[in-house]
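**Q** Sequence:
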Amino acid sequence: MKPVYLNNAATAWPKAPPVDEMVAKCIEQLPFHAGRAGFSGPDVPGECRRLLAGLLQIHEPNRIVFCPNATHALNIALQGIRWQPGAAVVTTAAEHNSVLRPLYFLSKTRGINVHFIPVDKMGRVITAAWAAAMRQVKPQLAVFTHASNVTGAVNDAALLARLAKEAGAVTLLDAAQSLGIMPVLPAVWGIDMVAFTGHKYLLGPTGTGGLYIAPAAELQPIWVGGTGIHSDLEEMPPVMPARFEAGTPNDSSFAGLAAAVAWASQCKADAAGLLAKTERLASGLAAAGARVITVAAPRTPVISFTLPGWEVEDAGDVLHKSFGIVCRTGLHCAPRIHSCLGTAPAGTVRFGLSRFTTEEEIDYCLEAIGTMLHETV
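Mapping to full-length UniProt numbering: the sequence shown position 121 is 121, numbers consecutive.
Bear in mind the hints are in silico, worked out from the structure with no lab data behind them. Do not rely on the hints blindly, as some may be mistaken.
Stated by the list, open to error - Straight-line distance between alpha carbons at most 27 Å, and here's what the computed DSSO-like set of lysine-lysine pairs gives: (1) K2 - K277; (2) K25 - K277; (3) K321 - K25; (4) K108 - K138; (5) K277 - K321; (6) K277 - K121; (7) K165 - K138.
Since this is a predicted model, take the numbers as computed values, not measurements.
Go ahead and model the full structure; you've got the sequences and the hints to work with.
**A** Dropping the structure here:
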């Protein structure tokens with residue numbers, strides 16, 4: 001049985017076609033690190049940064065700090081801020097634990113006050129509540145997800161950022177679920193920092209991610225060590241991106257990410273087609289009897305649902321073992337959103353499509369769900 005992979009919101013598969021070859025090529029060739037060695041070679045990190053800068057439409061590629069994942073990037077941002085005594089943070093109920101847990105940690109260790117803004121039944125931030133919090137709280141930081149990893153609902157990042165900036169807040173966007181399938185434009189939207197990952201919709205290897213830090217954003221390094229430059233200094237060098245990139249870089253994986261971004265720029269994704277497939281699968285699930293969280297556009301190719309008579313963990317287990325469908329079940333590392341959605345405490349079954357998902361796979365999934373709901377499995 002050929003597996004049907006619908007767990008792309010966790011990790012995309014398959015990867016972009018050139019990724020495997022580029023990673024292997026980088027591993028096989030003479031090792032070097034641009035700017036750290038006494039001989040020259042291809043500037044793998046520089047090329048990857050330039051491609052990502054083009055995607056983000058920023059003019060300074062060196063403002064992109066490489067990280068092993070979005071979680072690491074978010075920690076650099078959240079723990080690197082020079083927090084004022086009694087500082088406040090405004091965030092949302094849709095956030096991933098990669099935002100929540102650092103905030104809980106900072107609340108306990110630094111005394112920051114965290115304010116959570118509710119989301120609607122689609123998982124989208126309630127704008128009026130966000131605006132009111134900005135006026136009343138005057139936070140030092142506003143951090144929010146661009147797209148929910150549970151429902152796929154996309155927030156109006158430009159509007160939320162503008163409201164935050166009007167209140168004097170630093171803005172941090174979690175773009176783990178959006179970069180690669182929709183525009184992410186920090187300079188246009190007035191966003192100070194953007195955290196992202198390479199292994200989801202950018203179709204790159206695991207172990208890749210990054211943090212864009214705008215020139216006006218002030219951060220102190222939380223991860224320090226060797227950089228290969230300015231070795232006489234006792235502190236991290238004052239230049240970007242070395243200030244936030246201690247240790248040996250993961251050149252081979254970032255070579256793969258560069259290949260993925262370059263490939264995607266040449267093979268334009270059919271965004272409308274992917275949305276149509278997502279809507280067809282969601283509608284088909286609802287028609288079969290599943291309780292689907294309905295999400296209006298703009299959205300990502302993520303669908304959350306529950307099946308009457310089924311525990312979500314059992315449903316996922318049967319989908320995998322009996323039908324070869326790979327998906328995710330539970331809270332999806334975003335526990336607070338489920339109280340807003342009415343899916344606490346168990347969570348949902350989640351399907352995440354990609355540009356490689358076929359119409360035949362959608363048909364097969366709908367047949368499998370129909371069998372589970374109406375026949376004995």
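**Q** So, for every hint listed, does it hold in this structure?
**A** Hint-by-hint comparison with the structure:
1. K2 - K277: Distance ~20 Å between K2 and K277 Cα, so the pair holds.
2. K25 - K277: violated (35 Å)
3. K321 - K25: violated (36 Å)
4. K108 - K138: Since the Cα atoms of K108 and K138 sit roughly 20 Å apart, the hinted pair holds (cutoff 27 Å).
5. K277 - K321: holds (24 Å)
6. K277 - K121: holds (22 Å)
7. K165 - K138: holds (10 Å)
When the structure is compared with the earlier hints, violations turn up for hints 2, 3 and for no others.
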